[in-house]
Structure formats: structure tokens, C-alpha cells
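Place chain H on chain A using the hints.
The listed protein sequences correspond, in order, to chains A and H. Sequence positions in the first sequence follow the working numbering and run 5 to 358. Sequence positions in the second sequence follow the working numbering and run 5 to 358.
These are calculated hints, taken from the structure and not from any lab test. Not one of these hints is a red herring.
Using 20 Å as the maximum straight-line C-alpha spacing, the simulated SDA-like pairs for lysine to any residue come out as follows: (1) Lys338(A) x Arg298(H); (2) Lys80(H) x Arg16(H); (3) Lys305(H) x Arg163(H); (4) Lys305(A) x Glu314(H); (5) Lys338(A) x Ser306(H); (6) Lys338(A) x Lys305(H); (7) Lys338(A) x Ala302(H); (8) Lys338(A) x Leu296(H); (9) Lys305(H) x Glu334(A); (10) Lys80(H) x Asn70(H); (11) Lys338(A) x Gln300(H); (12) Lys305(H) x Val317(A); (13) Lys73(H) x Asp111(H); (14) Lys305(H) x Ser354(A); (15) Lys305(H) x Glu348(A); (16) Lys338(H) x Arg303(A); (17) Lys46(A) x Glu334(H); (18) Lys305(A) x Val351(H); (19) Lys305(H) x Pro42(H); (20) Lys338(H) x Gly143(A); (21) Lys46(A) x Leu333(H); (22) Lys305(A) x Arg345(H); (23) Lys80(A) x Leu69(A); (24) Lys305(A) x Glu326(H); (25) Lys46(A) x Ile341(H); (26) Lys305(A) x Ser354(H); (27) Lys46(A) x Glu292(A); (28) Lys338(H) x Tyr43(A); (29) Lys46(H) x Glu9(H); (30) Lys338(H) x Arg301(A); (31) Lys305(H) x Glu330(A); (32) Lys305(H) x Ser327(A).
If you want a taste of the chain A side facing chain H, the calculated C-beta under 8 Å gives, among others: (33) Leu311; (34) Val337; (35) Pro343.
Some chain H residues flagged as far from chain A (calculated, every beta-carbon gap over 10 Å): (36) Leu17; (37) Pro174; (38) Gly203; (39) Glu295.
All C-beta atoms in this analysis are idealised placements derived from N, C-alpha and C, irrespective of residue type, glycine included.
2 protein chains.
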Amino acid sequence: MTLAEEVLQGSRLALARLITQVENGTAQGRQALDELFPYTGKAHLVGVTGAPGTGKSSLVNQIALNYRKLAGGQEKRVAIVAVDPTSPFTGGAILGDRVRMRDLSGDPGVFIRSMASRGSLGGLAAATSGVVQAMDAAGFDMILIETVGAGQAEVEIARLAHTTLVVEAPGLGDDIQAIKAGILEIADLLVINKADRPGVETTERALLSMLQLAHPSPHVFHDNNFKSGHSLADFQAAEEALIRSGEKSSRTIEALWIPPILRTVATEGTGVIELLVEIERHCQFLVETGELQRRQRARLKSELDLLLRETLVSRWRSQVSESHYETALESLVKREISPWRAAEILVDHSSGAV
Amino acid sequence: MTLAEEVLQGSRLALARLITQVENGTAQGRQALDELFPYTGKAHLVGVTGAPGTGKSSLVNQIALNYRKLAGGQEKRVAIVAVDPTSPFTGGAILGDRVRMRDLSGDPGVFIRSMASRGSLGGLAAATSGVVQAMDAAGFDMILIETVGAGQAEVEIARLAHTTLVVEAPGLGDDIQAIKAGILEIADLLVINKADRPGVETTERALLSMLQLAHPSPHVFHDNNFKSGHSLADFQAAEEALIRSGEKSSRTIEALWIPPILRTVATEGTGVIELLVEIERHCQFLVETGELQRRQRARLKSELDLLLRETLVSRWRSQVSESHYETALESLVKREISPWRAAEILVDHSSGAV
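Bound conformation, chain A alone (with noise of 0.2 Å):
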């Protein structure tokens, strides 16, 4: 039996195995992905982000082990991996496995998997990918991807996500780390966590007001709306009135969904069933509007054109020495050479050379 097919069986250890291969870029890790491939795109993928200090592992906990319950005899199955962009030490990661351990180990229905990273940041978007897809194949219903909001790395993995939840909490350097590298323009659901806290009403204050920087239409947005989310019809409402006034265009959808500002307390389990059935509303909506369809298509074109890139320029690494490019390059710094001159006679240069 290939792993690709102890995966399909449910084997925990085939995935664990598989899962392993991906991060270390073997070949038999691309070829049981691979095989796996035809059946991925089943799952939910739920990205989850935000600065350190906002509770995102705890509150990622509570979003499994509720998910779990409430499944109930359904048997709805939940994986994690959780990734750390900033670290290249797997420390913080296995710190938050042992917490996860307590509340999750021995529930064979929840898959968990640290990722921290290893060489460039976009290798770890792209093995984050992989890992997810395997999962996917291995039947998880719904996959929470979570990372360390700082940057555009985090932004790629969370682009990897159907619904994402930014996380913040009252208190962390005046609100100011809600909008760090534009994680605010992902955000599907917004999340106050620790919303025991003082200064609760001060982060909520600051993220109304940035979604109506971002959200500026008078037919969808209310100030009231946000504390009780939006229900389908809202939508169907508001996007009744887009038509009708004329200005029903391809940002409609988009328009159509303001993010809702959920409060939590993920150490005490407030307010996470909420979440939950927003996150819910949230799928239902994607489905129901065909922006499902069109997220899955559009990410699985990135994705090819990244690989294209990728292929394209590996494969013309193994025909170029390093020393070539080390003179082309002092040139360049010489300005001996003009940038374009010097690409054109490094790719010149392979051509020849095949």
C-alpha cells in the first residue's frame, strides 16, 4: 500500500509521516501529494491570525474541542496546524502542543500538527499548502490554519484559508497591532479576544472605524449592525438595493460581507459557540453567492503561476553555475552591466548551455 493510500485508509501515522516528507520537501512527499490530490478541496479551511499576546493557540482550542461537541454523532473531524513564520525554532510551537495536548489528546477525531520555519518564508507557505491538503484528503471536515499575524508571510498562509478570523485583544500597544501589514483586508470575522479585559470598548472603537474606511457604502453599512452580525437577508437586502440604485458591480460580493466583530474569552469558553456559528454563516455564504467557486479557482491559479515561477527558475539554477552569477552580479554592482543586460546573458547563457 502507498502512503498516499494509508492516508485515504485513515491511518494518524501515515498522515503524520506524509505530513513530515512535505515539510522536508522530499520527492516521495510530492508524489503521495500527488496521488492525494483528486481528493482534496472538501474541507473548511478556517485561517486563523493575529499578534502575539491575543490568545490565538487557547482560543484555536476552543474552536476544535466546541467544533467536536457539537458535532456530536455526526463525527465531524477537525485538524490544526499551527505555524510560526517568525521563528526558525520549533520552541513556541511545542510549548503550545503540550497546552493543546491537555485539552484535545486521546479525541481521535482531532489531528494537530506544529510547523516553524526552516529556510525562506515562502517555502513555508507553500509546505503550509501542502500539509493542509493533506489533511484535506485525509477527510478532515475542517482545518484550522493558524499563524502569528506580523507580515506578509502570514498573509500568504492566510490566503490559503476560506474563512479568516484576525484576532485581537484589549490592551496590546494601543490597538495599533490590529493593522500590521494589512491583515485587517483578509479579515472574514473579527475576534476580541480577552474581552474581560479594560479596554475592550477602545479595540472595538478602533476596529469599527477601520471597516468603515474599508466598507464605506451607505446601503450595506450600519453602525448597529455589527454587534449582531448580518443574516443572510441583510444581504439579499442590501444587494437588492445595490441593483436597484445602480450600482451592482463585480465588488458586490465583496461589499456584501462586512466582517462582524465577535467578543471572546477563550480561557473560560465564552462566546465561542458564537463564533462558531459565524463561522457557519460565513461558509454558507460562500457557497450560497458562488464565491467559493470563484476563491478556489483564483487560489489554485496563484498557486500554478508560483509553481510555474518556481519550476521555471529551478530548473535554470541547475543549469547556471553559482560562480557565473556571482560575475554577472559584480558587474551589475559596478554598473558595468544594467540589470536587464545582466538577466538577459545569465538566461542567454543557460539557453546555450542545454
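Okay, now just chain H, sitting in the frame of chain A:
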């Protein structure tokens, strides 16, 4: 005489024509830039970025005006390239130009050009780099690169600069604009423009607390240093302290320059001379620490790598038909083949066609 030769002889008309060629990505433009490249690398490139409403354009005008005044008999010339990645139209840019014309027109030591996004943002960054090279070869001593600070593209454009100014203003969305898309991470100087408005202390406090997060070293960081800025002697003393304490590392250079916070009122010219002094001080700092050379080399290397990728991809595209690409993408979306397989099939196809 070639276009490049005319530019080198100081023809403003030739420069304007070359820039249009560069913007349109013509072969003639590229050839001229190739010819001009050995004459580049002399100008001081100053990036100016910030959210809409901060008064960036007025500030850039004032910097240019005062730089010309201070230059006096020395005949230092200044060029401005204003880039608006948010707009596919030149409307805003043209408006800005009209204001500029009033202040700066008729001065042969000033050259102004606006650029708006025409296609991809990546393309705009590359075009801006070409325009700056043309101005540099034409002998302008300072080149001001103005961008609207709103995302990754602006960061890319700002990376062209040796010295980057991030412009803020009081009362813009609770000082939250400040931190969008990691713009603070690229700041060498922080400018609070419109500093006669209420709320200037709040803005300054927000910037200070951001800086404290970014520069936690007790050796070099003292609150009261910010308003006055540091002298080079301060940096040297701080560096020696670091060496004594055994903390000296590759991050020392970065740690030694803490962005000073300056207040300006561009419409009245207040604080602009002080700002120019700080720009000059930063330039001196870059030269004396060897950081200038390191930045130039790193920038040229990343430009080469980018152009290598583009050259490889565009050669590949010329060998593979659109329908082949679409067929592979469709198989991928139907999950018949994996992204890796699709990329390999497409790359192998083009190799076979060579």
C-alpha cells in the same frame, strides 16, 4: 546623437521622452536605460510615503524648493517622481502637478514627473525604478520619490530610496493609518505634517510607542532623544557601549539609527529646513557606516533576481500557447492533476518545443 546621449547632455525634452518610453515599456526605452546605466548611482534617492490627506505633495514641493534655495551657488538639482499606485488614471497626479507648477515652474534645476498605475503594480515598481535611473543619469543630485502609502506596492517603490520619509498627520483615523502594511518598518525619518493641527501630541505618542516596540535596546533608546534627533557622536557612543556590553552584532547598524520624529507645516514652510538637515544627516550616516554600499548592492541583487524571473517567465510564455495554459488550469480546478504536475507539464511542454 542617441536619446541616451541627449539625456547625458542635459536635454530636458530628451529626458521627458525617455521617461515616456520607460513607462510604455518600449525596446527603445530599455536600450537607452542600458546605455545610461553606467552613469547612475550618484543621486541621493529620498522616498516620501504616507496616507492620503497627510499633505505629502505639499511637503515634497517644499523640500524641493528649500533644497534649491540652500544649494545656492552650488547648483544642486532636484527631480520629483510622484507615483500613485491606487489610481489607474492620472487625474490626481495632474492636479498635484498644477499646484507644483505654480511653486516650482520656471526653475531649470527642478524636474517633475507623475506616474499612475497602468497595469500590474509590479510593473509600476519596475517602471518607477527605470524612471529614477533616467533622472539619476541625467545628473539630478536629489530625487524625491513620492508614493501613496497604502500597501505592498508602495513599500516596493519606497525600497528604491536610500532615505525613506513616512509622513503622518494629526487626526487621521485615530493614528491608525500609521501602521498600514508595515510602512513604519521602512521609515528612516518620521514626519508629522500639518503639525499646527490639534492632536499632534497624540500622533507623536502613537509613533513613539511604535518606535519603542521596534527599538527596545536600552543602550540606544531614550525617550527624550526623539525630538532632537541624534548626532553621529551619539551613535558612535552607543555603538561603543554595545561593543563593551558584548551585544554588538550584525543588527547594530540598524539599531544605531532610530528614526527621528519631526514636525512640519508644509503649507507655511515650517520645519522644512530642519527636515532637510535630517535627510542630509541620514545620508552621511549611510555613507560613514558603509550601509549605503550594502543597500545599493542588496537592491541591485534583488532587482537582478526579479528580472531573471520575469525574463524566464516571459520567454516561457512566448513558447506556450494560452490554450495550453487554460487546459492545464481546467484540469487543476477539476482536481484531475495536482498543481506540481500542472506546472511540470507546462514547463516540459515548452522545453520540448525549443
